[in-house]
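Visitor: Put together the whole structure using the sequences plus the hints.
For the sequence shown, counting from 1, position 28 maps to 28 in my numbering; every step adds exactly one.
Mixed in with the good hints, there may be bad ones.
Taking lysine to aspartate or glutamate and the DMTMM-like style, the derived pairs with C-alpha atoms no more than 20 Å apart in a straight line are [what the hints assert, rightly or not]:
hint	residue 1	residue 2
1	Lys55	Asp14
2	Lys55	Glu18
3	Lys15	Glu40
4	Lys15	Asp26
5	Lys55	Asp78
6	Lys164	Glu174
7	Lys55	Glu39
8	Lys164	Glu188
9	Lys15	Asp53
10	Lys15	Glu39
11	Lys55	Glu74
12	Lys55	Glu40
13	Lys55	Asp26
14	Lys164	Asp197
Hints in this document: simulated from the structure, not taken from any laboratory.
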Amino acid sequence: MSGRRGRPLTVSRDKVIEITARQIRDNGADGFSMRGVAEEIGVTAMALYHHFDSKNALIAEAFLRTLEVRTPTELPDDPVERIVAIALEIIDQLESFPFAKEMMISGEDTSIVFGALYSEFARIAHDSGAPGEAIVRSVQSLRRIIVGEVIARQVDSAASAAGKSFYLGDSLPESLPWDPERAARLLEEGARSYSVDELLRIVAMDMLGEHARS
1 MSGRRGRPLT VSRDKVIEIT ARQIRDNGAD GFSMRGVAEE IGVTAMALYH HFDSKNALIA
61 EAFLRTLEVR TPTELPDDPV ERIVAIALEI IDQLESFPFA KEMMISGEDT SIVFGALYSE
121 FARIAHDSGA PGEAIVRSVQ SLRRIIVGEV IARQVDSAAS AAGKSFYLGD SLPESLPWDP
181 ERAARLLEEG ARSYSVDELL RIVAMDMLGE HARS
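Guide: Structure, rendered in structure tokens:
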């Protein structure tokens, strides 16, 4: 994204993104600042706005660059499995980079992140011949699954660290239409058998329809 404010930079846009990604990796999102990037480059912080409209826009680009570097170069040829593999990589990346997760959940510049992340899903589906309506619907479903899985993992991790189980609470089994012991058992079995891979695969197959194996 280009705001064209400030004097043109003497360093490339890619170099700014590279420096930003490294600084965030080394110092975390809280330790990152436009001023810090500018000082390393040798320009004023205002000069960065020639390429980026906001701090979050630059952070988003840095996250996408890191994702691009870490995504396996050899993805499955099958379009469904390719979509699943990319989605799982995004989930893992969001877990590894809390600043990106927080930015997406907060609603700040989400279009920058989501637009870039999910363009690959849309491209795969479009190249396979899937209709546009199905692509838009399924991309939204993938977005919700990805964000939901990241949040669920965070909740499960916190519960595990506290020695608690979300599935064996005192009140939840009693609210289900089975006796509490059976309800608790079913919930625990469901937790063990849950597979985000399968959920992503279902959405990908719905998106691609008859083109799923083309």
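Visitor: Going through the earlier hints one by one, which of them does the structure break, listed in rising order?
Guide: 5, 11, 14
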